[in-house]
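Visitor: Below, each chain spelled out in residue letters.
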Amino acid sequence: SQQGEEDPQALSIQEGENATMNCSYKTSINNLQWYRQNSGRGLVHLILIRSNEREKHSGRLRVTLDTSKKSSSLLITASRAADTASYFCATNRDDKIIFGKGTRLHILP
Amino acid sequence: GAGVSQSPRYKVAKRGQDVALRCDPISGHVSLFWYQQALGQGPEFLTYFQNEAQLDKSGLPSDRFFAERPEGSVSTLKIQRTQQEDSAVYLCASSYATGYQPQHFGDGTRLSIL
Numbered sequence: 165s166q167q168g169e170e171d172p173q174a175l176s177i178q179e180g181e182n183a184t185m186n187c188s189y190k191t192s193i194n195n196l197q198w199y200r201q202n203s204g205r206g207l208v209h210l211i212l213i214r215s216n217e218r219e220k221h222s223g224r225l226r227v228t229l230d231t232s233k234k235s236s237s238l239l240i241t242a243s244r245a246a247d248t249a250s251y252f253c254a255t256n257r258d259d260k261i262i263f264g265k266g267t268r269l270h271i272l273p
Numbered sequence: 002g003a004g005v006s007q008s009p010r011y012k013v014a015k016r017g018q019d020v021a022l023r024c025d026p027i028s029g030h031v032s033l034f035w036y037q038q039a040l041g042q043g044p045e046f047l048t049y050f051q052n053e054a055q056l057d058k059s060g061l062p063s064d065r066f067f068a069e070r071p072e073g074s075v076s077t078l079k080i081q082r083t084q085q086e087d088s089a090v091y092l093c094a095s096s097y098a099t100g101y102q103p104q105h106f107g108d109g110t111r112l113s114i115l
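First to last, the sequence lines map onto chains A and B.
The working numbering puts the first residue of the first sequence at 165, with every later residue one more than the last.
The working numbering puts the first residue of the second sequence at 2, with every later residue one more than the last.
With the rest of the complex left out, here is chain A:
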């Protein structure tokens, strides 16, 4: 079963705009991670935010975490065509991580 749920399921934006994806989860966590998956490839780890952190940056990525609402958001600023991919949040359960269903992001030229 999947713990995280991303929203929206699909998102299309113009190149240069910002893209925001949200993730909600159900149980307490140690950390939350975001991954990207290009078509036909494996997942690539983007960023990890710990449960005692509220915001984290990495290049054009900004992740927020609200443990009281059990939610996280991923913001990609100044989007590029190469950002077209599926994005998954992942939360830990026991000693493993559980993925959501993902947001399919399409950057329009």
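Incorrect hints may appear among the rest.
Have a look at the derived ranges for each label pair, beta carbon to beta carbon [stated by the list, open to error]:
(1) A:Gln-178 / B:Pro-71: 49 to 57 Å
(2) A:Gly-180 / B:Tyr-97: 31 to 39 Å
(3) B:Ala-54 / A:Glu-181: 43 to 51 Å
Counterexamples of contact, computed for chain B against chain A with all Cβ distances above 12 Å [unchecked claim]:
(4) Lys-15
(5) Arg-16
(6) Asp-19
(7) Glu-45
(8) Ser-74
(9) Arg-111
Hints listed in this document are in silico derivations from the structure and should not be mistaken for laboratory results.
In this text, all values refer to a predicted model and were calculated from it rather than measured experimentally.
Note that CB positions come from ideal geometry on N, CA and C, so glycine has one too.
Position chain B against the provided structure of chain A, taking the given hints into account.
Guide: Just chain B now, with coordinates in the frame of chain A:
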């Protein structure tokens, strides 16, 4: 190589055949995971190894699925008497330490059962 390697990339089998999927994790990575990914879905956990020990196999769909990692490095996922519902992409991932550290994924094996 520097990354996780999976073979074969594509596998077509007839219903009822047995298949074996291989994963070479990053050297030195203690943890190894297998996931099943259906089209348009996120990866679903199948099983987890720490070194050669299979610590969690709760995600394996049936007793037709079997995984091993006998020397704590290469792992094989075997599916016996394949069914059409086994068609999916099977992803392998490894991480340096425990399960909820960042994972490094291979590109997967796309399995099609005819």
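Visitor: Please go over all the hints and tell whether each is borne out by the structure.
Guide: Right, here's what the structure says about each hint:
1. Evaluation of the 49 to 57 Å hint for Gln-178 of chain A and Pro-71 of chain B yields a pass: the beta carbon distance comes to about 52 Å.
2. Between Gly-180 of chain A and Tyr-97 of chain B the C-beta distance comes to about 37 Å, which sits within the given range of 31 to 39 Å.
3. Separation of Ala-54 of chain B from Glu-181 of chain A is about 47 Å and conforms to the stated range, judged on CB atoms against 43 to 51 Å.
4. Under the 12 Å C-beta cut-off, the non-interface status given to Lys-15 of chain B relative to chain A holds; the minimum distance is some 24 Å.
5. The claim that Arg-16 of chain B lies off the interface holds: its Cβ sits roughly 24 Å from the closest Cβ of chain A, which is beyond the 12 Å cut-off.
6. The Cβ of Asp-19 of chain B lies farther than 12 Å from every Cβ of chain A, with a closest approach of about 24 Å, so its non-interface assignment holds.
7. With a cut of 12 Å on Cβ distances, Glu-45 of chain B falls inside the contact zone with chain A, its closest approach being about 7 Å.
8. The non-interface label for Ser-74 of chain B is consistent with chain A: the shortest C-beta to C-beta separation is roughly 18 Å, beyond 12 Å.
9. Non-interface status of Arg-111 of chain B relative to chain A is broken: a Cβ of that chain comes within 12 Å, the nearest being about 8 Å off.
Checked against the numbered hints given earlier, the structure breaks hints 7, 9 and satisfies all the rest.
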